[in-house]
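Chemist: Quick mapping for you: the protein sequence lines, in order, are chains R and P.
Note that our numbering gives residue 242 to position 242 of the first sequence, counting from 1, and the numbers run on in steps of one.
Count along the second sequence starting at 1, add 1000, and that's the number in our numbering.
Since the hints were derived computationally from the structure, they do not count as laboratory data.
The beta carbon of each residue, even a glycine, is placed where N, CA and C say it ideally should be.
Some hints could be false.
Stated by the list, open to error - Just so you have them, the derived chain P footprint on chain R, three or more residues with Cβ under 8 angstroms: (1) 51-58; (2) 81-88; (3) 102-113; (4) 125-138; (5) 287-293.
Here's the letter readout for the chains.
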Amino acid sequence: MDYFAQQLINGLVLGSIYGLIAIGYTMVYGIVGMINFAHGDVFMIGGFIALITFLLLISTGLTAIPVILLIVLLVSMAITALYGWTIERIAYRPLRHSFRLAPMLSAIGMSFVLTNYSQVAQGARVKPIPPVITGGYTLHESADGFVIQLSNIQIIVVITTIVLLAIFTWLVSRTRLGRDMRACEQDQTMAALLGVDVDRTISMTFVIGAALAAVAGLMYLLYYGLVDFFMGFVAGIKAFTAAVLGGIGSLPGAMLGGLAIGLIETFWSAYFSVEYKDVAAFSILIVVLIFMPTGLLGRPEVEKV
Amino acid sequence: MTVISPETASASRSAGIPALLKTAFVNALIALVLFSLMVGIRTEAGSDGQLTYWTRFGDVAALVAAVFGGSIVIELLRQWIGPAGTEKLVPPAVQTGMSLVGRYLAPALLIFTLLVPVIFYDQRYILDLAILVLTYVMLGWGLNVVVGLAGLLDLGYVAFYAVGAYSYALLATNFGWSFWVCLPLAGILAAFWGVLLGFPVLRLRGDYLAIVTLAFGEIIRLVIINWQDLTGGPNGVSGIPRPSFFGIPLDNSDSGLAARLGIEYSPTHRIVFLFYLILALALLTNWVTIRLRRLPIGRAWEALREDEVACRALGINTTTTKLTAFATGAMFGGFAGAFFATRQGFISPESFTFQESALVLAIVVLGGMGSQLGVALAALAMIGGFELFRSLETYRMLVFGMAMVLIMIWRPRGLIGHRAPTVYLTKAHAISSDLVKEGHG
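So that you can see chain R by itself, here it is in the shape it has in the complex (with noise of 0.2 angstroms):
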């Protein structure tokens, strides 16, 4: 019981990052009809981002832990958000009216330049660095010595999730921005027609859905303590799973299909295979596109003639 616990704990963990990259896939699918296969190396590029500025932040001699992780956090969510609105630009926006299969060879291509790019301009190597939010909680220790472990940057990674998702929510359903996404995922036309910058909005969303990587390849740095050049490949498959799972379009579902992955994954991983935990994860990706292809909260696709 104990064990399930942790894992439990860990799965939520996991399932938070997961969570906030599937965002992303689920923004643009909503409103441009697209899978940003470049999404998962977005997510990369933020982790490398964060990376380098709290490296260089430490070599300033600043000290203040909570300063340096806000002033990474919103650096690489910058930054990363940048590179979201030129990938839209340069790869996507030419390719709107194109045909179908188009945009997504083009997002393959990106995400191949991202990958290679961040491979020739950092080199191939795992890049690690030390802990830098240590300590936790003990909840629970059994009788026969199993402890319970709430590590701080488990907390830290759940509660940003939290706020962030608290944030966008509101973004999302009270400001004019998200009316106008809304109003774009429904019919572009009509809502062009009716004064909304179509483009404007559409680049709103690649940048959103990269802040938002960002943060999650923040996360990811500080919790696993390493970023590499192709991390961005297996978790945007995962992350896309956990959108399709949740109803790929829905926001709320985003975040539950990324929890539903973590856990997944994580149990998987403690209870039968490690070796097959990436195998289960996209056995999951195809038996839910058979036997739900709405997922858990999405509407049904009304096929148009």
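The hints should help you fit chain P onto chain R, whose structure is shown.
Modeler: What follows is chain P alone, placed relative to chain R:
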């Protein structure tokens, strides 16, 4: 449905020099922010595990300058070419010339390919490269059935390549079966897996289908890596037997082909044999595809590509249509895989990554989805290009990705955009009114 933003429309036509410089300046500024940390600061883990960093501001400056200059050039080119659409006006003389070249290009290429081992007999490097190109031509033609004809975006094609390769490798090393027995088996097994993948994804389309096939390809690769008892895991399978000339080995033993023919043995014989083997397999793929296109099933594939809903409305069984497309494409992938295994003599999961799928897909897309000649030329350009830049190993995939994006922007239909339906009405027929009565139309 075309929503042209006012800024791009005006910028492309009436931008003066100040506006031009302003655009370039803004682009350079964006580039500065993008590259400042990622390129400007290089991190590396030291020997003690501590991360160190050093600066590379020169590289950033060079990149920013390149973006500045590049955006001026692109903007000027855009003004010079004019708005999109005018470039399609090709003089008729050039058009007839092009079609003439197009008609004779395929036979000329085929004859040249047949003669490659004769011309380059002494140049082992060129022969090896030619075999590699032909392998990708075959893979491209195989995937073309799925993507180009049936319009099903398959990102996991490498899985079938892997199934074919491992089928032959395991059957040959464990049971000692000959290549010629295993080749059809590899094709059948790959086709079987194709159907196995096809069944669940029947209801999916477009992007969803792409992601599921990608996941399928990754699952196959991960299973190969982790099922160590069967596949040897990351170490792969080695000592895969070489193919024989229908039972006669190609070595310098007394029973070898050279000894039987009474000619001096040379290791090049085997290379030349492999060359003609893959050429024959590739041509088989091409021939089957061309024949199938003229059969009802091929027509159904093309109809499916154009409009699935209309297909169903016309009573085409989309289930069997999709499954046969998957199975046919997978079978050719399996053949190519078996050939790959026998040529290399060693296979490992590293040969079957997603990159490989993307490369084959890029060949099909660059070739213009559905055009057999285009795919062959694209394979030649792609693999040849990769060889040219072999010294720039790390930049290769970067350039590959950029090329994929640029092709999608400039020529989304590929180099030879041939997607016209094979059948169309040439003449309008007048139908008498009694034929189009209600219920008979």
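Chemist: Now look at each hint and say whether the structure bears it out.
Modeler: Hint check results:
1. 51-58: holds (count 5)
2. 81-88: holds (count 3)
3. 102-113: Answer holds; 11 residues pass the 8 angstroms Cβ test.
4. 125-138: holds (count 6)
5. 287-293: With 3 residues closer than 8 angstroms to chain P, the segment 287-293 of chain R meets the three-residue bar; holds.
Every hint, counting from the list given before, is met by this structure.
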